[in-house]
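> Read off the chains here:
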Amino acid sequence: SQKIEQNSEALNIQEGKTATLTCNYTNYSPAYLQWYRQDPGRGPVFLLLIRENEKEKRKERLKVTFDTTLKQSLFHITASQPADSATYLCALFYGGSQGNLIFGKGTKLSVKP
Amino acid sequence: EAEVAQSPRYKITEKSQAVAFWCDPISGHATLYWYRQILGQGPELLVQFQDESVVDDSQLPKDRFSAERLKGVDSTLKIQPAELGDSAMYLCASSPDPPLAGTSRAKNIQYFGAGTRLSVL
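Taken in order, these protein sequences are the chains called V and B. This note's numbering applies: residue 23 is where the first sequence begins, and numbers increase by one. This note's numbering applies: residue 38 is where the second sequence begins, and numbers increase by one.
Incorrect hints may have been included.
[Claimed, not checked] Derived DMTMM-like pairs (lysine to aspartate or glutamate); straight-line CA-CA distance at most 20 Å:
1) B:LYS144 / V:GLU78
2) B:LYS115 / B:ASP94
3) V:LYS79 / V:ASP106
4) V:LYS127 / B:ASP123
5) B:LYS144 / V:GLU76
6) V:LYS127 / B:GLU81
By construction, these hints were calculated from the structure, which means they are not laboratory data.
Let the sequences and hints guide you as you build the complete structure.
Given below as structure tokens:
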């Protein structure tokens, strides 16, 4: 079965630095990959989507890369702020008739002032 | 901005009791999902609806869990009887995209509700 690994359970960085979160997967590549943000006690919120034929996507201070050779996606937050502190989930979407997302465990990011 | 509504936000029950969760998706979203999220884990799909039809319930423990979306709008997830291991966050999500893969335009962006935190004592 498909396995998703997010590099660490927790990441602590200083305000103003770039946070880099990793999502690795096994087996075959997904049709696309999504990143979500989840705050404590809340549901995930969609941030970015990147397709298998795309190398990079950007949205304001966020950047996602997708390397199908390495079976890896990197999620970057530049000029990080304490308000960026949350858990970030990657989710993979595969082919087939059912169209389900498979979520990783998430990485909890803490940005210290 | 339209949101997915879930109730209750919190539910405490004793094992062997019945519990029910309600979800009202964003208007016009035909696809509805129920997920279970254990603390420290990612959401895991329980059941997926397209309109009123179940598309995927392969991960739903059918001996105790049931889900319905009778009119293709709001949905109810029920657990009977509840067990200690059912303590988790139950999330509902909706999507404007049908569960079709293999198209260049498919995005399957899911909009989540705030969830119901279930504690089984």
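> Each hint should be assessed against the structure and marked as holding or not.
Quick rundown of the hints versus the structure:
no.: 1; hint: B:LYS144 / V:GLU78; result: holds (16 Å)
no.: 2; hint: B:LYS115 / B:ASP94; result: holds (14 Å)
no.: 3; hint: V:LYS79 / V:ASP106; result: holds (19 Å)
no.: 4; hint: V:LYS127 / B:ASP123; result: holds (18 Å)
no.: 5; hint: B:LYS144 / V:GLU76; result: holds (14 Å)
no.: 6; hint: V:LYS127 / B:GLU81; result: holds (10 Å)
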